[in-house]
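> All chains should be built: construct the whole structure from the sequences, respecting the hints.
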Amino acid sequence: MEQTKRLIKGVLKNSNNPKLAWHLLKRVLSSPSSSTTPHAQRLVAITTRILVGANMHRELDDLRELILGSQPNHIAHDFIISMVRILAQSGHIDDAFSHFKSLRAHFPSTPPSLPFYNLLLRLTLQHNRSHFLTWLYTDMIAAGVNPQTYTFNLLIQSLCESRAFHHALQLFDKMSEKGCPPNEFTLGILVRGLCQAGLTKQALELVNKSCHNANRVVYNTLVSRFCREKLNDEAEQLVERMREQGFLPDVVTFNSRISALCRAGKVLEASRIFRDMQMDEELGLPRPNVTTFNLMLKGFCKRGMMEEARGLVDTMKKVDNFVTLESYNIWLLGLLRNRELLEARLVLDEMVGKGIEPNAYTYNIMIDGLCRNHMLSDARELMDLMMSNGVYPDTVTYSTLLHGYCSKGKVFEAKRVLHEMIRNGCHPNTFTCNTLLHSLWKEGRTLEAEEMLQKMNEKCYQLDTVTCNIVVNGLCRNGELDKAIEIVSEMWTNGPTSLDKGNSFASLVNSIRNVSNSLPDVITYTTLINGLCKVGRLEEAKKKFIEMMARNLQPDSATYDTFIRSFCKQGKISSAFRVLKDMERNGCSKTLQTYNSLILGLGSKKQIFEIYGLIDEMREKGICPDICTYNNIISCLCKGGKAKDAISLLHEMLDKGISPNISSFKILIKAFCNSSDFKLACELFGVALSTCGHKEALYSLMFNELLSGGQLSEAKELFEASVDRFLTLKNFMYKDLIERLCQDERLDDANSLLHKLIDKGYGFDHASFIPVIDGLSKRGNKQQGDELAKRMMELTLGGGNADRTYQNGKRTIPGTQSRDGESDWQDIINRDGGSGIALKTLKRVQKGWGQGNISSLQPQENDFLDYYDARG
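Each step along the sequence shown adds one to the number in our numbering, with nothing skipped, and position 501 is 551.
Keep in mind that a hint or two might mislead.
To be verified - Within a straight-line C-alpha distance of at most 20 Å, the following computed EDC-like cross-link-like pairs (lysine to aspartate or glutamate) qualify:
id	residue 1	residue 2
1	K785	E764
2	K228	E211
3	K367	D399
4	K716	E764
5	K694	D727
6	K404	E393
7	K404	E376
8	K533	D571
9	K316	E670
10	K251	E279
11	K706	D727
12	K251	E211
13	K251	E290
14	K619	E670
15	K151	D111
16	K706	E670
17	K592	E530
18	K810	D727
19	K810	D798
20	K828	E795
21	K593	E670
22	K404	D428
These are calculated hints, taken from the structure and not from any lab test.
Here is the structure:
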């Protein structure tokens, strides 16, 4: 015995040397006197753990054979039972069963105990080896070991996890016959399994039948599931039933109700329950716990109720409930999703100050929020801070940053993030690669997309339907619809590997081997149908829709919206509404896009009454109009001569926090100018400037409308203001303004405008000089006309275009050129209606005014512009 003790100490001392441990155990088992001592079984157990830890499975097989060959039956049985228990508890279920089956073959008449069977049943269930359960139960019954209720509970749990509910219910019904009546745990296992599978009504029927075994946990499981399925009335009835049966709802019950209401968007209703839990103690309601507070905080943030969320955070801090990392993460996520970036940064500093260390999820929330708000450099800095604090970025971190760069079209930076990710040992997933692949297609960088897909394949990333959809979408965007159609057809046959059949995009997919579930889906077909509709191939789009249905792919709202939008754009309103009926018949709800398309179509037919009907319907369904909706309605009202009614929509937009855009104001300003209400048009112009900023599009629109309406003075004043703001002139009808001023004998105004343009450094259409030169000559101001002609020639020979450019570090605004690159002056000289005075002036200029060769003349520089650039 002393020798065995020494050997045990030797094994324990050399536990990091499994070969020595195995050698020592063999010495003990080889000695008849030592192997039968009480310490020998302990030594077998210790050595087994060492061998399991070292994955020395062959030695374990040798150990079993050594035990069977050297030990008495009762000792060998116990030794192997110990080995099996250790293997099973270590997670080596397959090896444990191999040894256990060998044991049962050697000792069929000496069964293990019921607790041992239960242990194996439980561990088998934990490690998803359900195929061993039937064998164990059969062996158990054959060995004469009677199961108990706990045994049946394990079997029912296994059947539920395998979704064999029919067999689970049968076993539940037979338990009483076998002398093991089900208990509250049995009922709880079955109810939880049925609820998780969505068989809630079946679970309720079971509880009704076995209500004597129901407890608070069972009811809470049902309440939680009813809430998840938005069956709030049924959940309330169940809560009342709990009270009637003496099970007062606890905090878990209330948390389930609050969570479900918040998910359904009924945050105010959830907050009333929450308030009752805080205040109505006489009703016997449970007090809210940290989970309750977190659920309400998440609900407020999700609905954008930030003032209520802040009040809740203050309350949580007062009662010391705002102390967990989870609470801080929920609050940070809420702040960032509601664009409260500065406050989020302060909260991050606060939690660090309180000793709550941010984890990777915390930083990922912050980085995602910054990327969503296009603050990419800040996101990058935060990732550097994250690493300096010992928290290493994971796949989500890198993928988030990569997605941020891709959303801004910064593909080069996104690829750098991918390379850094791989370099730091963080493996990209399919989502990461798909994000970059989509961005490359979107940017038209087909060759790089090709290379990316090949690398994904080489690195054995699991390519999926999303990857294929990106390729199909890219082809549709590039107008290569026939290739996209071919790809979709071949996906059904061979998956993406078939895309190389005569297709010029073969290199994208010709060697893909790692495709998971790559059959076309609804998105694939919707993408293809949308591409066909955009180019007017409606009949082919319809055929693809029929093919989609034949493949048992149910179209969604986006698919129907594609057809509705296409028909509405073509003015085929009746066809659009036929599609709408089919859409509703198949259970697809109208979306904002549906309403916008219908409003656009009805607007083209001036069916204002029907449009208002759609607006009322949108309000009833809680669908908020967007800027596109309002612009479509405003356009329809203006075309129908009801521009003043459209003004109210402008006010409604502003009241709802929807900022009108330039298009909104363009429609209205044009409408009022067409009705000669220039005063109201100018007022709207002022509102537009304060809302959208001093944009060239607004100035040129207002100017052109004033000019067309004969408001010369107002047009001149606005044009001068535009020039003072250095706006580009390509959309201004300034030549017409100058000509009209000359016709109205306002030569001085026209002349001053020309000189203003010259003084500001503008290059412009030199035909603008002609009416002024003609007018001055006719009025007898020949010298002044000649001087103006001279300036015209200087500018003409300078060349350039009407847009501002940068040359040699200086900003210039050269003159407008024709499509051939020649100055518009050439057109002036050669046109049939050219001015005789201009021709005479040209001849004089060609002889020279004592200023050297004409070709040596340079365009003038503007000191003010140089100064402006130097400061800018």
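> Next step is simple, just say for each hint if it's right about the structure.
Hints versus structure:
Annotation: proposed proximity of K785 to E764 holds, straight-line Cα distance about 16 Å (limit 20 Å). The straight-line distance between the Cα atoms of K228 and E211 is roughly 23 Å, outside the 20 Å bound, and the hint therefore fails. Under the criterion of a C-alpha separation no larger than 20 Å, the hint pairing K367 with D399 is consistent with the structure, at around 16 Å. Annotation: proposed proximity of K716 to E764 holds, straight-line Cα distance about 18 Å (limit 20 Å).
Between the alpha carbons of K694 and D727 the distance comes to roughly 11 Å, so the proposed pair stays at or under 20 Å and holds. Of the supplied pair hints, the one linking K404 and E393 holds, its CA atoms being roughly 16 Å apart against a limit of 20 Å. Using a Cα cut-off of 20 Å, the hinted pair K404 and E376 holds, with the two alpha carbons roughly 14 Å apart. The straight-line distance between the Cα atoms of K533 and D571 is roughly 18 Å, inside the 20 Å bound, and the hint therefore holds.
Note on K316 and E670: the hinted pairing holds, with a Cα-Cα distance of about 16 Å set against a maximum of 20 Å. Of the supplied pair hints, the one linking K251 and E279 holds, its CA atoms being roughly 11 Å apart against a limit of 20 Å. A C-alpha spacing of about 27 Å is found between K706 and D727, which places the hinted pair above 20 Å, so the restraint is violated. Proposed proximity of K251 and E211 is supported: the alpha carbons are some 18 Å apart, at most 20 Å.
Distance check on the hinted pair: K251 and E290 sit about 18 Å apart at the alpha-carbon level, within 20 Å; holds. Pair hint K619 plus E670 does not hold up; C-alpha atoms about 26 Å apart against a cutoff of 20 Å. Between K151 and D111, the direct Cα distance comes to roughly 13 Å. Compliance with the 20 Å bound is thereby established for this hinted pair. Between K706 and E670, the direct Cα distance comes to roughly 17 Å. Compliance with the 20 Å bound is thereby established for this hinted pair.
As the CA atoms of K592 and E530 are separated by approximately 18 Å, the hinted pair is consistent with the 20 Å bound. With a C-alpha separation of about 33 Å, the suggested pair K810 and D727 falls outside the 20 Å cut-off, and the hint is violated. About 18 Å separates the Cα atoms of K810 and D798, which keeps this hinted pair within 20 Å; it holds. Under the criterion of a C-alpha separation no larger than 20 Å, the hint pairing K828 with E795 is consistent with the structure, at around 11 Å.
Note on K593 and E670: the hinted pairing is violated, with a Cα-Cα distance of about 35 Å set against a maximum of 20 Å. Taking the CA atoms of K404 and D428, the gap is about 24 Å. The hint is violated against a cut of 20 Å.
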